[in-house]
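There are 2 protein chains.
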Amino acid sequence: MSDFAKKLDQYAEVAVRCGLNIQKGQTLWINAPIHAPELVRLIARKAYEAGAKNVHVEWYDDAVTRLKYDLAPDEAFEEYPAWRVKAMEDLAHMDGAYLWIASSDPELLKGVPAGRIAAASRSSGKALAKWREMMTADKFTWSIIGAPSPEWAARVFPDLDRKAAVEALWDAIFRAARIVGDDPVQGWRRHDAELQRRRDLLNRKRYKKLHYRAPGTNLTVALPDGHIWCGGSSENEKGTVFFANMPTEEVFTSPLKEGTSGTVTSTMPLSYQGNLIENFTLTFENGRVTDFKAEKGYEALKTLLEVDEGARYLGEVALVPHESPISQSGIVYYNTLYDENASCHLALGNAYAFCLENGKTMGMEERKAAGLNTSITHVDFMIGSGELDIDGEKEDGTLEPIFRKGNWAF
Amino acid sequence: MSDFAKKLDQYAEVAVRCGLNIQKGQTLWINAPIHAPELVRLIARKAYEAGAKNVHVEWYDDAVTRLKYDLAPDEAFEEYPAWRVKAMEDLAHMDGAYLWIASSDPELLKGVPAGRIAAASRSSGKALAKWREMMTADKFTWSIIGAPSPEWAARVFPDLDRKAAVEALWDAIFRAARIVGDDPVQGWRRHDAELQRRRDLLNRKRYKKLHYRAPGTNLTVALPDGHIWCGGSSENEKGTVFFANMPTEEVFTSPLKEGTSGTVTSTMPLSYQGNLIENFTLTFENGRVTDFKAEKGYEALKTLLEVDEGARYLGEVALVPHESPISQSGIVYYNTLYDENASCHLALGNAYAFCLENGKTMGMEERKAAGLNTSITHVDFMIGSGELDIDGEKEDGTLEPIFRKGNWAF
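Just so you know, the sequences run in chain order A and B. Going from the first sequence to the working numbering is simple: count from 1 and add 12. Going from the second sequence to the working numbering is simple: count from 1 and add 12.
Certain hints may be false.
[Stated by the list, open to error] What follows is a list of derived Cβ distance ranges for each label pair: (1) B/P162 - A/V197: 29 to 35 Å; (2) A/V197 - B/S14: 46 to 52 Å; (3) B/E249 - A/P125: 34 to 40 Å; (4) A/V197 - B/K138: 37 to 43 Å; (5) A/G123 - B/S14: 25 to 31 Å; (6) A/G398 - B/D173: 53 to 59 Å; (7) A/V197 - B/D173: 36 to 42 Å; (8) B/E90 - A/D194: 37 to 43 Å; (9) B/K36 - A/G398: 54 to 60 Å; (10) B/E206 - A/K18: 55 to 61 Å; (11) B/P125 - A/G123: 51 to 57 Å; (12) B/G37 - A/G238: 47 to 53 Å.
[What the hints assert, rightly or not] Simulated crosslink set (EDC-like; lysine to aspartate or glutamate; CA at most 20 Å straight-line): (13) A/K36 - B/D82; (14) A/K220 - A/E407; (15) A/K80 - B/E50; (16) A/K406 - A/E369.
Hints in this document: simulated from the structure, not taken from any laboratory. Source: prediction; values computed, not measured. Just so you know, even glycine gets a beta-carbon here, dropped at the ideal spot from N, CA and C.
Put together the whole structure using the sequences plus the hints.
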C-alpha cells in the first residue's frame with residue numbers, strides 16, 4: 013500500500029470511527045464531490061463493516077451547480093425541493109448519520125449576481141430550518157470532513173501544477189485531520205481529552221464578558237448566564253460520541269445576542285457561498301452589526317448580513333491558539349472547516365443551543381428568551397492572529413488574561 | 013473541437029432536443045454515472061438553454077452500489093427510501109422530465125445472492141409502482157440514453173485495453189444513437205417518420221396473433237382487441253413529443269396476457285440486475301411461463317420469473333429487423349437499451365397501457381380486464397436472428413408473412 017493509500021484509508025477510518033462513530037443499524041447519508049470516489053468508497057465500506065444498514069451517497073458536482081447559477085431563471089432560486097427536506101428530516105428521525113465532504117472551489121460562485129445567491133440561501137435556509145435545528149441540537153450524528161478538488165487545490169497552492177497542488181492539499185488535509193502515525197484513531201482520543209480539559213477550565217471560570225484587542229479590533233462580547241464552553245467531541249441524543257468537524261481545534265460557546273459592542277477586523281479571507289470576502293471590519297452596537305466594510309467581497313458580505321435579521325448578530329465565539337498545527341502550517345485553506353481551526357473566530361447567525369445549560373431541550377422561543385441568537389444561517393469568520401489578546405471579565409468585574417499574543421495565557 | 017467533442021455535443025443536443033424535448037420552465041432530473049461528467053454538464057447546459065428551470069443530477073457509482081449488496085444486512089434490501097418515491101412522484105406531477113444515463117457493468121451484481129437482488133427489486137418495484145405507472149402511461153417526459161463505463165466497455169470489447177475499449181464503446185453508442193453527419197436532430201426526425209410508417213401499416217392489419225418460427229422457437233402470441241403498434245416518438249400528457257429510448261429501432265405492442273403458447277429461445281445474452289443470462293428457453297401455456305432453462309444465469313432467470321406473478325407473463329412484443337444498424341454492427345452491448353434495438357424481442361412483466369386504445373386513461377383494473385399483464389417489473393429479452401420468420405394471423409385465420417429471415421417481409 014502506498015503512503016497515500018495508507019493515509020486515505022486511515023482518514024476514512026477516522027471519519028467512520030471517530031467523526032461519525034457509526035452504530036449498528038444506522039443509515040449513513042454522504043454528500044460527496046464526484047471527483048473523490050476512492051475516499052467515498054472507503055468510507056462506505058468501513059461504515060458497512062461498522063454495522064451500517066445503508067449508505068446513501070448524494071454526489072455533487074461544482075460545475076453543475078455553477079451552470080444553474082449562470083443559466084437558470086430567477087424563480088429557480090426561490091424554491092427548495094420538498095423531497096430533499098424529507099430526506100434530511102427522515103434521516104434525523106431514524107437516528108441516521110450525516111457526512112458532508114467539503115471540496116468546493118472557494119470562488120465557485122464568483123461573478124454570480126448576489127441576489128441569486130441570497131435567494132438560494134434563503135430558500136434552503138427556510139426549508140431546512142427544522143433539520144438544522146435538530147443538527148445544532150445534536151439530535152443526530154453529523155460530521156464534516158474535506159477532500160481536495162482541483163480548483164480548490166489550485167487556489168491554496170497557486171504556484172504548483174494541478175496534480176501537485178491536489179497532492180499538496182491532500183497532504184495538508186491529512187495533517188490537519190491528525191492523520192499521523194499508525195493509530196490516528198487513538199490520536200483523536202488524546203486530542204479530544206486535551207480539548208475537554210481546556211473547555212472544563214473555561215466552564216469553571218464563568219466569565220461574564222470577553223474583551224478582544226488586536227490591530228483593528230476592540231470588541232466586547234457578553235456571554236449568557238448558563239453558557240457552556242464546548243470543544244472536541246459531541247454527544248447525540250442516544251449518547252453516541254462524535255466529532256462534528258474534522259479537524260477541530262476550537263473551544264467555543266454561544267454569546268449573548270445583544271451583548272456585543274465595538275469593532276472587529278478579519279484576519280483571514282472568508283469564502284462565503286463561492287465568493288471571497290477579505291480584510292473586512294464589522295462594528296457592533298447592542299449585538300447588532302451597524303456598520304461594515306470590506307476591501308474585497310463587499311457585496312457578498314452585504315448578502316450574508318441580509319440573509320435575515322439574525323445574520324446581523326453573533327452566534328458563536330471560538331478560541332483557537334495561534335500555535336495550533338493548522339495555524340502553524342501557514343496554509344490558508346479558503347475553507348471554513350480548516351481556517352476556523354487555525355484562528356480564533358466568531359460566527360454571524362444562529363447560536364448553538366447545546367452551548368447553553370438545558371439548551372438541547374429548549375424550543376426556539378426559550379432559546380431566544382435565554383439570549384441566544386436565531387437565524388437560518390451560521391457563518392464563521394476569523395479574527396485570530398499572533399497579536400490578539402483576550403481578557404475574561406468575571407462576575408465581580410475583575411479581568412483575567414485568556415489569550416496573550418494569540419495563545420492561551422493559562 | 014475534436015471529433016469526439018463534436019459528437020459528444022451532438023449527442024447531448026439530441027438527448028435534450030429529441031429525447032427529452034425540454035420545454036420552458038421544466039425541471040429535469042438526470043440519473044448519471046459519476047464517470048461521465050462531461051456528458052452530464054453538456055446536457056445540463058443545453059437543458060437550461062432550452063428553458064429548463066432546474067436540472068438536478070442524481071449521480072450513481074457502481075462501486076457504492078456493489079458495496080451495499082456485499083456488506084449491508086439483509087433487511088436493508090426490504091426497504092426503499094420514502095424521500096426518493098416523493099422525488100420521483102413530485103417530478104411527474106410537476107410535468108418534469110426524467111433522464112436515465114445507463115452505464116453500469118452488465119455483471120455488476122455477479123455472485124450476489126439472488127435473494128438480495130430479488131428483495132431489492134421487489135422493494136423498489138412496490139415503492140415506485142405509481143411512478144412507473146405514470147411513466148408507462150407517458151404522463152411525463154422520460155428518456156434513456158447510454159454512456160460507457162470502463163467495466164461495461166471491457167465486456168463489450170474484451171480484446172482492447174481499457175482506454176481503447178471506452179473509446180470504442182463511445183463510438184458504438186454514438187453510431188447506435190444515430191449521431192452521424194452535421195444535423196443528427198434532423199436525422200432523428202427522418203428516422204421517426206420511418207418508424208411511424210411501419211407502425212401505421214401494422215395498425216391497419218389488426219392481426220389477432222403472431223406466429224414465431226426459428227431454431228428453438230415455435231411460439232404463438234395473441235394480441236388484444238384494440239392493441240396499438242407503437243414506435244419512434246412518444247407524446248406526453250401535455251402533447252410534448254419525446255423519445256423514451258435513444259436508440260430506438262423497434263415497433264412494438266402489448267400482447268394478450270393469457271394468449272401466448274409454445275416455446276421461445278433467446279438469441280442474445282440478457283443482463284438482468286447485474287447478472288448475465290445466456291441461451292435460455294421459456295415455455296408458455298395460456299400466457300404463463302410453465303418451464304424454463306438457461307445455459308448460464310439460471311438463478312437470475314428464476315429470480316426474474318419470481319418477482320411477482322406478472323413476471324411469468326409477457327408484457328411486450330417488439331419487431332426489429334435483423335438488418336437494423338445496431339444489429340449489423342455485430343456488437344453485443346450486454347445492455348437492453350442497445351441489444352433490444354438489434355433484435356426482435358419480447359418482455360416479461362408489465363404491459364404498456366399506451367399500446368391499447370384509451371389505455372393511457374385506464375386504471376389498473378381496466379387494463380387487466382382488457383387483457384394486459386401487470387407487474388412491478390418489465391424485462392426485455394432478445395429472440396431475433398437471421399433465421400426468424402414471423403406470420404401475422406388475421407381475423408379470418410389467414411396468415412401473412414411479417415418477417416422472413418429476420419427482416420420485414422413487406
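Range agreement (Cβ of A/K18 with Cβ of B/E206, hint 55 to 61 Å) | 59 Å, holds
May I ask you to test the hint 51 to 57 Å on the CB atoms belonging to B/P125 and A/G123?
-> 52 Å, holds
Hint consistency between A/K80 and B/E50 [alpha-carbon to alpha-carbon, up to 20 Å] | 16 Å, holds
Can the suggested window of 37 to 43 Å be confirmed for the beta-carbon pair B/E90 and A/D194?
-> 40 Å, holds
Take a quick look at whether A/K220 and A/E407 sit within 20 Å of each other, Cα to Cα.
-> Roughly 6 Å separates the two Cα atoms, so the pair holds.
Kindly confirm whether 54 to 60 Å is satisfied by the beta carbon distance between B/K36 and A/G398.
-> Given about 57 Å between the Cβ atoms, the range holds.
Are B/E249 and A/P125 spaced within 34 to 40 Å by their CB atoms?
-> With a Cβ separation near 35 Å, B/E249 and A/P125 satisfy 34 to 40 Å, so the hint holds.
Per the hint of 25 to 31 Å, is the separation of the Cβ atoms of A/G123 and B/S14 within bounds?
-> Cβ of A/G123 to Cβ of B/S14: about 28 Å, so the range 25 to 31 Å holds.
Look at the Cβ atoms of A/V197 and B/D173 and judge whether their distance stays inside 36 to 42 Å.
-> For A/V197 and B/D173 the Cβ distance comes to about 40 Å; the hint holds.
Is the hinted range of 53 to 59 Å satisfied by the C-beta distance from A/G398 to B/D173?
-> For B/D173 against A/G398, whose Cβ atoms are near 55 Å apart, the range 53 to 59 Å holds.
That 46 to 52 Å hint for A/V197 and B/S14 (C-beta), does it hold up?
-> Once the Cβ atoms are compared, 48 Å apart, the range 46 to 52 Å for B/S14 and A/V197 holds.
Could you say whether the range 37 to 43 Å given as a hint is met by the Cβ separation of A/V197 and B/K138?
-> 41 Å, holds
Checked against the numbered hints above, the structure violates none of them.
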